[in-house]
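2 protein chains.
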Amino acid sequence: MPATNFADRLTAACREKRSAVCVGIDPRVSLLPAEFKPRRDTPIEHAQAISAWARELVAVIAPLVPVVKPQIAFFEALGAPGFRAYHETVLAAQEKGLLVIADVKRGDIGSTAEAYAEGHFALIGADAITVNPYLGRDSLDPYLTHCRAAGKGIFVLVKTSNPGSSDLQDLWTGDAPLSRRVAKMVRDAGADPSLVGASGLSCVGAVTGATFPDELRDLRAAMPATPLLVPGYGAQGATAADCAKAFLANGTGAVVNSSRGITFAFRSGTHAERFGEKRWRDSVAAAVYEMGDALAAATGTAKPA
Amino acid sequence: MPATNFADRLTAACREKRSAVCVGIDPRVSLLPAEFKPRRDTPIEHAQAISAWARELVAVIAPLVPVVKPQIAFFEALGAPGFRAYHETVLAAQEKGLLVIADVKRGDIGSTAEAYAEGHFALIGADAITVNPYLGRDSLDPYLTHCRAAGKGIFVLVKTSNPGSSDLQDLWTGDAPLSRRVAKMVRDAGADPSLVGASGLSCVGAVTGATFPDELRDLRAAMPATPLLVPGYGAQGATAADCAKAFLANGTGAVVNSSRGITFAFRSGTHAERFGEKRWRDSVAAAVYEMGDALAAATGTAKPA
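Heads up: the protein sequence lines correspond to chains L and P, in order. Taking this note's numbering, the leading residue of the first sequence gets 280, the next gets one more, and so forth. Taking this note's numbering, the leading residue of the second sequence gets 280, the next gets one more, and so forth.
Keep in mind that the hints were calculated from the coordinates and are not lab data. The structure displayed is predicted, hence computed values, not measured ones. There is no bait here: all hints are sound.
If several chains are the same, the list does not tell them apart, and a pair holds so long as it fits within one copy or across any two.
Okay, derived cross-link-like pairs now, SDA-like style, lysine to any residue, Cα gap no bigger than 25 angstroms in a straight line:
(1) 316 x 547
(2) 316 x 401
(3) 316 x 397
(4) 316 x 402
(5) 316 x 375
(6) 463 x 451
(7) 316 x 390
(8) 557 x 342
(9) 316 x 539
(10) 463 x 449
(11) 316 x 540
(12) 463 x 445
(13) 375 x 307
(14) 316 x 393
(15) 463 x 416
(16) 463 x 443
Go ahead and model the full structure; you've got the sequences and the hints to work with.
Written out as C-alpha cells, the structure is:
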C-alpha cells in the first residue's frame, strides 16, 4: 500500500482535531516549569529536562491540536544530548498521535540533502521538515523522493516572519519580488501528480509569515494547492485576522504556529495570574483554546471542539 | 586578552602550512576503508566507525593543511550518535591543530540563530560555520557577537557550486544578480572594525563556488576584505585555474575545499591502482599534495613545503 500523502494526513488531522493550531516547541531550560529544572548545569541534564518537559507537553496538547513544530536549534544548543532529546520529542509527539513538522531549515546540494533526508525522515521519522530554498530547485529534489515513497512533506521558506526577511525576499526581480519567484518554484515542484493528495493539496508546502499579511494574501493566491505553515502569530505581532489570509475558501490549507505564546504563556500576563507555574498544563490548554477560538472567529469556521 | 580574529587565525594557518587546501569531511560508511567497517548495521556502530576514521584522517592531514570542513549532514544522517561523532570530529581536528569550518548552513531568526551559535560555537567549539542568508541581515547578527567575543567566523552562502544555484542566486535584481546583493550584505556586515583583523580581512566570509569562475572573479572583486570558502574543485568540475580567481593578489583570502577527491581518492582511478584501500593514508596525503601543487601552480605562489 502506498504511503498516504502528507497533505492529506495534515488535512485529516486538522479536521479530526477541529484545529489549525501548530504548537511550536522551542525549549529553553530557563523557561521550563520548576518541576523540570535540572539539578546540575550540564548539557546532559539540560537535555533530559527538556525531553521530560516536551513529553508532558505533547500529552497535554495531543487531544487539542493536529501538529507540533519542534525547533531543532534549541536542541542543538545542547550538542549530542540535545539532539537525542530532539529525537525523543519527535517520537513522543507521534506516540500521542501528533504530526511533527521538524523546523530544521536545512538546505544543501545533491547527496548532502539526501543525507539530511535520511536523518530527519528515514531515521528520526519527522512527518515533514522545513527547507531553505537558496540553493535552488535541485536542492529540493532529494526530499521529494521521501515525500513520494513515505508520505513525508516539506515546507519551503518563501516569506519569513522576521523584519530582515525584506532584505532579500522582497528584492524586485523584474516582475515580482524574490519571494514570489520562490513561490513559483514551490508550486511547480509540488505540482507533480505523484506529490498531490486526494485533498488536492501537495506535500510540498511553504512557510509564509503572517507578519506581512498583504504578502501572505498574494502568496496564498499564487500557490493555491500548497499547504502553508504560518509563523508570526502572537508574540511576533500577527493577529488572527492576518493569519486568516493563509486559508483556502474551504478552511483548509494552512496551519498557524505559536511557540512560547502557548508553551510558556504561564510566565506572563493574565496566564501568570490565573494559572502560575504549577498549573502550566492548564495554561497551555487554555492558550491553545484561546488561539483556536481567535482563528475560528477570524476564518469563520467552526470553533475547536 | 581579546580573542584573535578568525580571519587572522585562518591566514596564519595557511601561511604556516603553506597551503590553502581545506579538506572536506563528508563521511559515508559505505566508502570507509575496510579497517573501519562496523560489524553491525546500527546508527551507533556506524557513527563510531565514522568517528574513528575521522580521527585517523585528521592525524594524516594535520601537518599538511590549515583547515577541515566537516559536513554535518552526513553525521545527522545517523541521528544523535552521528551528532556525537560530529562533535568528536571537531575536537579531534582541533587537538591536532587544525581549524574547523563546520558546514552546517544554518539560517534562522533572532533567538533561534542565537541557539545555533550557542551550540556550534560555544558548546561544540567550531572555529567557523557556514550560514544561509535567505532570512536576511538580522539572521546573521547573533553569530557576529560570537565572532567578536570568541574569535569565531562565518561563511555566508553567496554563490553555491551546484547547477541549481542559478535558479535564485542568478536572478536579476535591477542592477545585479541576487548573489551580488548577498555579497554586498556580507561585505557590509563584515566591515565593522570590530570584525576586521590585522590581516585586513573580516571574520565574515563568503561561500563562492569555483564552478562559476566568472562570477567568482566578480565576487572576489566585490568583497575585497572577505575570506572566501571555495567549493567545487575536482569532482564537481572546477579546475585550479578557476579556483585561483578566489585569491587576493598577495595569495591570501581564500581556502579551496575538496572532500571525497581527497578522503576517498583511494577508491578510484590512479590512486586505486597506486595505493589501494590498505594505503588509504598515503592516498590522502598524496591527494593533498597534488591539489596543493595544482593550486600553487595556478596562483603562482610557493608550493606547499
